[in-house]
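S.K.: One letter stands for each residue in the lines below.
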Amino acid sequence: MSVFDQNQLSNGCLVNLSKIKKFKTVSIKVFIVRDLDERATLTALLPKVLLRGTANYPTSLKFEQSLEDNYGSRLSARSRKIGEKQLIEVALHMPCAKYLTPEGDNQVYQKGIALLKELLFNPLLVDGYFNPEYVEQEKEVLRREIRSVYSDKEEWALKRCIEISCQDEPYAIPAYGRLADVDEITAENLFNFYQELVEAANIQIYVVGNIENDQIVKILEQNLVWNGQANGIFTYNQPIIKFPEKITEVVETDRVNQGKLAISLRFMRDFCSELIPAFLMYNNILGGGTHSKLFTKVREKHSLAYYVHSHTERSKQMIFIEAGIDPKNYQQAVAIIKQEVAAIQSGDVSQEEFERARVSLINSLWALQDFSGGNIDYYLVGLLSGCSYSTEDMEKYLKDVTVAQVVEVAQQIAIDTIYFLRAPKEGA
Amino acid sequence: MNYQLITTHLRENITKATLDNGLQIFVHPKPGYHSKYAIFATKYGSIDNDFVDRDGLRHQVPNGIAHFLEHKMFEEPEGNVFNDFSSLGVSVNAFTNYNMTAYLFSGTKNFYPALKRLIDFVQSPHFTEKNVQKEQGIIQQEIKMYDDHAGWVLQRNLLECLYREHPIRIDIAGTVDSIEKITKDMLYTCYSTFYHPSNMVLYVVGDLNPQQVIEAVNQNQLKKSFSLQPEIKRFYPAETREVNCAFKEGKMPIAVPIMALGLKDVPLNRSGDSLHRREIISNLVNHLVLGKSSILFNKLYEQGLLTEQFSIGYSGTTNYAYTLLGGPTPKPNELCKYLLEGWENAKTRGISAADLARAKRTFIGLYTISYDNLSMIANRYISYYLKGIDFNNYPEIINSITIDQVNSRLQEINLDNRALSVMLPS
Chain A
61 MSVFDQNQLS
71 NGCLVNLSKI
81 KKFKTVSIKV
91 FIVRDLDERA
101 TLTALLPKVL
111 LRGTANYPTS
121 LKFEQSLEDN
131 YGSRLSARSR
141 KIGEKQLIEV
151 ALHMPCAKYL
161 TPEGDNQVYQ
171 KGIALLKELL
181 FNPLLVDGYF
191 NPEYVEQEKE
201 VLRREIRSVY
211 SDKEEWALKR
221 CIEISCQDEP
231 YAIPAYGRLA
241 DVDEITAENL
251 FNFYQELVEA
261 ANIQIYVVGN
271 IENDQIVKIL
281 EQNLVWNGQA
291 NGIFTYNQPI
301 IKFPEKITEV
311 VETDRVNQGK
321 LAISLRFMRD
331 FCSELIPAFL
341 MYNNILGGGT
351 HSKLFTKVRE
361 KHSLAYYVHS
371 HTERSKQMIF
381 IEAGIDPKNY
391 QQAVAIIKQE
401 VAAIQSGDVS
411 QEEFERARVS
421 LINSLWALQD
431 FSGGNIDYYL
441 VGLLSGCSYS
451 TEDMEKYLKD
461 VTVAQVVEVA
471 QQIAIDTIYF
481 LRAPKEGA
Chain B
11 MNYQLITTHL
21 RENITKATLD
31 NGLQIFVHPK
41 PGYHSKYAIF
51 ATKYGSIDND
61 FVDRDGLRHQ
71 VPNGIAHFLE
81 HKMFEEPEGN
91 VFNDFSSLGV
101 SVNAFTNYNM
111 TAYLFSGTKN
121 FYPALKRLID
131 FVQSPHFTEK
141 NVQKEQGIIQ
151 QEIKMYDDHA
161 GWVLQRNLLE
171 CLYREHPIRI
181 DIAGTVDSIE
191 KITKDMLYTC
201 YSTFYHPSNM
211 VLYVVGDLNP
221 QQVIEAVNQN
231 QLKKSFSLQP
241 EIKRFYPAET
251 REVNCAFKEG
261 KMPIAVPIMA
271 LGLKDVPLNR
281 SGDSLHRREI
291 ISNLVNHLVL
301 GKSSILFNKL
311 YEQGLLTEQF
321 SIGYSGTTNY
331 AYTLLGGPTP
341 KPNELCKYLL
351 EGWENAKTRG
361 ISAADLARAK
371 RTFIGLYTIS
381 YDNLSMIANR
391 YISYYLKGID
401 FNNYPEIINS
411 ITIDQVNSRL
421 QEINLDNRAL
431 SVMLPS
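Chains as they are written, first to last, in my numbering: chain A, 61 to 488; chain B, 11 to 436.
It should be emphasised that the hints constitute simulated quantities derived from the structure, not laboratory data.
Even glycine gets a Cβ: it sits at the ideal position worked out from N, Cα and C.
Please note that a few of the clues may not be correct.
[To be verified] One side of the interface only, derived from the structure: several residues of chain A facing chain B at Cβ under 8 Å:
1. Tyr131
2. His153
3. Tyr159
4. Gly384
5. Tyr449
6. Ser450
7. Asp453
Given only the sequences and the hints, what does the whole structure look like? Please build it.
M.R.: Printed below as a string of structure tokens:
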């Protein structure tokens, strides 16, 4: 059973509500879901421009002060990427009314949702389009944000690894879009894009907190008047998965103190394969924590790294390994990582390793339910993949996974790209 | 052992207990949460480099030793303790900052065995020449990782400028050279001085029964013997009011310049509510002068001189205090000039009662929201506790702050005792 109740609003919107008594925050999230494509940069810029001003609150200053008056409510809007979908996530966080005054100040929701409505549906317009001054300023902010990834070397290495691994796939497009596409955006084409989204895009609305469902539904109904498309969910396009024929190895140089290693692996099954729980187990055994093969061998046994771990991109059927190492140990570190990948393929998984991975995954699964954001994301990823598992079901599936299934997964996994960012060789 | 039940404004019920060996325990029940979180911390951070041990001998130890010791606690004769926690399905971690070292775990199952394991490994040091050497390789990589984080280097440069003598100017992890000087005997000296239960605190939060937790910890402690601990003498060098240097510039392979402006403050020589009050007033002033709802922030944002990532924060203990503001900017020196002008203008204009009321409302809202994050609740409480502050007094203090206090604090800020740290793309 899902933790979310679906409520159909009279205006056609579908709202997913979860009343959770333990929370002192009430969170409302609206997702505008799109396929990741050549309009990614427009999608990335839009939330920034919306945040700059609305018809009733024409400056960020006025808008921010109104949020503060409403007990420091936070309203954010940003572009995200989950698999090959791009999402504009608009999030409103308000303190729970029950704790604000002895009698409970219910106005807090009314005011907060009114501000959410302003942001989504009542942008500041100049001559029928967005304020061109704001658009130009936010274009510059976006340009700087895109360039800034270079400042974080770990993130940069991972980004390069993704670009090389997925060069002709939508997944190579970052959530913040592409620098080359920023210039051609205008107040006019951005506004047309916005209108198109409001009319036709796929919308998901979530509410989590210690709320009275009827009361919130009523306020939402009065404010979030949306299109008829809001009901459905457009799941991922099933990609054609190519087994990498050989490993691509790329070494690039920059003035870094430590070498940054990023390795991608591909899993040859679809999103809803019955092997998904075993895929999660595989990753956890390989690099999912201090008990993993990579941590034990690369860090504890050979002292080659401080950080070494792997994470799954379940919505793209990939795994990424990351480590920070001294360039002189590059060959040794890669050899150990390849050995550990091969070890699982040949069935070298001890009962101890296996059980540790299992309890670790079940632990994180439940821990996610303690965060309203984690709660929503888990549910949303399920919807986007076209196969949802409740927390209870996923726990059960994880308990049923066998070593044989993990080995089966391992045999469906291959290293795609090994990327290494290092300082130039001295004297070279 | 004695007990005390505390109920906060947000209807959170916290039980406090003091064991006979001096260990302080806080149990904070959170019904309905799946995770349980425990943090066990000692009042011993990177700045505690000069102290008198239990035998009355004074020691000056290499920089980075508190952090090194934290790493080494994870090793036992039978191997490392990570695997034991993994088998229990909980994740264990630790961190060291300027003022404390903390060991923690969080998990949804096996709370009691994990709690026992946590206390036991922190109370059983095992250092050998060989395992000290092994750790040097790992920590070197940790130091090199931080050396690639421009924001980290920027802040360290700033603190080196703000402080001439105080060890807050030194990196928490030390340097590649300083950690090479660490020996197993030094680790034992630091351990026996700072890891006595009377210098430590345990905070536990989750869907738990306080009596049961306290009883479990008490039983565990009764099996161990601790000799009486004299009060720990720590020495910090005398620090001038003036900064060490006004400007430091570096170059790194980054895309956009970053800057940090530091305002050196005179530390308050009183702990408890007075210190807490000063911090809250400073945060209110900072928020009102330069928060996202301020005219100054919005003006500089529109000019493209700062971004959403711009931040401002106050740090203060009884032996150092400063305000740090900064973020990415295309023009660091220009931004610095406008920030200082903005501060001067704010001092001339003063803060209005209406603006203060709005800021207080915001702070109370954020305080309410913050109680949904278990690890944050526990970490925050103990970091204040070890500074001598009871964080549960926050709402009372904030409600009692007057506009006059805020305006006089604003006037106290001395813009001359400042330093600017800049990192440019290379």
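S.K.: All hints, please: hold or fail.
M.R.: Against the structure, the hints come out as follows:
1. Residue-level restraint check for A:Tyr131 holds (minimum Cβ-Cβ distance to chain B is 3 Å; threshold 8 Å).
2. Interface restraint check for A:His153: the shortest CB-CB distance to chain B comes to about 6 Å, inside 8 Å, so the restraint holds.
3. Using the Cβ-Cβ criterion of 8 Å, the hint placing A:Tyr159 at the interface with chain B is satisfied: the shortest such distance is roughly 5 Å.
4. A hinted interface residue such as A:Gly384 counts as satisfied when its beta carbon comes closer than 8 Å to some beta carbon of chain B; here the least separation is about 5 Å, so the hint holds.
5. At a threshold of 8 Å, the smallest CB-CB gap from A:Tyr449 to chain B is about 17 Å, leaving the interface hint violated.
6. With a least beta-carbon distance of about 14 Å to chain B, the hint placing A:Ser450 at the interface is violated under the 8 Å criterion.
7. At a threshold of 8 Å, the smallest CB-CB gap from A:Asp453 to chain B is about 16 Å, leaving the interface hint violated.
The earlier numbered hints that this structure contradicts are 5, 6, 7.
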